[in-house]
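Which chain is which? The protein sequence lines are A and B, in order. Each residue of the first sequence is one higher than the last, beginning at 1 in UniProt numbering. Each residue of the second sequence is one higher than the last, beginning at 1 in UniProt numbering.
Hint data in this document are derived by calculation from the structure and do not stem from the laboratory. In this text, all values refer to a predicted model and were calculated from it rather than measured experimentally. Check before you lean on any hint, since a few could be wrong.
Stated by the list, open to error - Each computed DMTMM-like pair below joins lysine to aspartate or glutamate, with the alpha-carbon atoms no more than 25 Å apart:
hint	chain 1	residue 1	chain 2	residue 2
1	B	LYS92	A	ASP40
2	B	LYS92	A	GLU35
3	A	LYS14	B	ASP126
As the list claims (entries may be wrong) - Across the chosen pairs, the derived CB separations fall in these ranges:
hint	chain 1	residue 1	chain 2	residue 2	range
4	A	SER15	B	ARG152	29 to 35 Å
5	A	ASP20	B	THR203	38 to 44 Å
6	B	GLY245	A	SER41	38 to 44 Å
7	A	SER41	B	SER281	46 to 52 Å
8	A	ALA30	B	GLY351	55 to 61 Å
We put the CB at the ideal spot given by N, CA and C, even for glycine.
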Amino acid sequence: MTEFALRDLTRILKSCAGVDDAVDLDGPVADTAFEDLGYDSLALFELVGRVRREYGVELPDEAVAEMATPRAAVDYIARHLEPVGDKR
Amino acid sequence: MADLVFTGIGVVAPTGSTAEEHWASVLKGQSGITRISRFDASGYPVRYAGQVVDPRVAQAVPGRLAPQTDRWTHLALVAADEALRDADVDPKAVPEYEMAVVTSSSSGGTEFGQREIERLWRDGPDHVGAYQSIAWFYAATTGQLSIRHGMRGPCAVLAAEQAGGLDVLDHARRLTRSGCRLVLTGGTDASLSPYGLVAQLPTGLLSTVDDGAYRPFDVAASGHLPGEGGAILVAEEASAARDRGHDRPYGVLRGHAAGFDPPPGSNRPPVLERVLRAALSDAGVWPSEVDVVFADAQGTPAADLAEARAIGAVFGAHGVPVTAPKTLTGRLYGGGAALDVATALMSLRYGVVPHTAGVERPVPAYDLDLVLDRPRERPVRTAVVLARGYGGFTSAVVLGAA
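Pulled out of the complex, with its shape left as it was, chain A reads as follows:
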C-alpha cells in the first residue's frame, strides 16, 4: 500500500508552490493553517493536481476544502490512497 506522510506533502509543496521566505516547512508546521504558511487556494489546487499525477489517485477539486492544515491534507490524501472496494 502506498503511504503518504507529511514529508511527502512538504516535498511536493516546495516543488510546486515554493516556500515563503519567513516559513520553515521542515519545522513543526503540521497544525499551522496553510494560510499562515503563505499558501492560498491556488497553491492547494496545484498540490492536489500534483498528488493526482504523481500517485495516480482520484482527488476531487473539492478536496481543497478539506485541507486547512498540512495534517488535514496528509490525512485526506492518505485516506484516498487506501485501496477501496475489491481492488486487492
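Since chain A is already given, all that's left is putting chain B on it; use the hints.
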C-alpha cells in the same frame, strides 16, 4: 499641478542586475548581448539576444513566488525590491490605498505559458499547473507587486510594446494628480523562450545577421536584437516625497505625449514628430533646452530614417545629442523604454550623456549628432526619451532635473 518625481531606480537587464551595474556597463559600452543560451537557438534565424544571466537574480526571487510566476515577473520583483530600497521608502509607512502599481508588459508570461502548453499536449490537461491561470497574463506583474508590497491603490498594466514603458509614466502622473502618493512603475519583459522568440519573427524587424549586431543609424543597420529585463521605478507626487523627507529625486516627469501611426499605405507621415512636439509642449520646454534625446533606435533603415527626420525637424540638423544605449541590451519591449528612462535619470544625476556603443559608421544623411565612441560629460538638465512600439504605438517623455 502635482509633479511626478522619480526617487528610486531598480534595474535587471543584460547590462547589470542593479542600476549602478547597468550604469557602469553603459559608460564602458559593455554589451550584454550574447549567443542565446537559454535554449538551443541554433535552428532559429535569430541567435543573439540580451540575456539576464546573473545567478543572483534567480536567488533574489521570493521563494513562494518563483514557481507561480513567469520570468518577466521574476525580473520585475527583483528590480522593484531594489527600487524601493533605493527610494528608501517603507511601503508599510504609506497609506496602502495611496500607493499604486502601473507596469508595462508586451509579451506577458510566454515562457511559463510555453511550458504549460507543452505539458498540455505531451501529457494532457491534468498536467497543466494551476498557476498558469495567473502567471501568463499581462497584469500578473502589476498584481504580484501590488500584493507583495501592500499597494492597494489603482493598479494597471499597459501593453503598448516598446512605447508602454513611457505611457506608464503618464498614467502614474495622472494617478498622483488624483490622490496617489506613490506609484511603483516601469516595466520588464522576458520573451526568450522558443515560443517567445518565434512570436517576434513575423515583424521582420529582427537582425538575422549572425554576429550579434544591433547597429541603429549605421550604414550596416540590419534590424534589432531582442533582450529581456527592464527597470522598475519609484515615482512619487513631489510634495509627498518631500513630506517623508526625500529631497533628492533623480528627476521629474516634465511632459509626455502618445500617438499612433497611420496604417501602412497611408500617405500621412509617421506620428513621431507630432508626438515629440506634443511632449515638449506638455513639458513647456523649447527644443533648444533639451540636452539629450534617447532615441527609439529601431535599427532598420526605414525606421531609423523616419526617426532621424522627426528629430531633425524639431531640433534641426545636428541640433541635439542623440544616443541609444539600448544597443547594449537589445530591445526589451515592455521593459525597454523603462530602462531608457532609468538610464536618462542617471544621465541627469551624473551629468553624462552615454554613448551608442557598436555603431561605427553612422549614415551621414541622417544629420544626427549621434554620441559615439565614449560618453560625453556635460550638464544634463532636460532629457527626451522616444519609443515606438511595433504596430504604431509612439510615445515621448521629457524628463527634467528635479
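Structure-based check of each hint:
1. Among the hinted pairs, LYS92 (chain B) with ASP40 (chain A) is consistent with the structure: their alpha-carbon atoms are about 22 Å apart, no more than 25 Å.
2. Among the hinted pairs, LYS92 (chain B) with GLU35 (chain A) is consistent with the structure: their alpha-carbon atoms are about 21 Å apart, no more than 25 Å.
3. The hinted pair formed by LYS14 (chain A) and ASP126 (chain B) meets the criterion: a straight-line CA distance of about 20 Å does not exceed 25 Å.
4. Distance hint for SER15 (chain A) and ARG152 (chain B): a CB-CB separation of about 31 Å, consistent with the stated range 29 to 35 Å.
5. Range check, ASP20 (chain A) to THR203 (chain B): about 40 Å between beta-carbon atoms, so the 38 to 44 Å window is met.
6. At about 41 Å, the CB distance of GLY245 (chain B) to SER41 (chain A) agrees with the hint of 38 to 44 Å.
7. Checked against the hint of 46 to 52 Å, the pair SER41 (chain A) and SER281 (chain B) passes, with Cβ atoms roughly 50 Å apart.
8. Roughly 60 Å separates the CB atoms of ALA30 (chain A) and GLY351 (chain B), a value that falls within the hinted 55 to 61 Å.
Against the hints set out earlier in the document, no violation occurs for any number.
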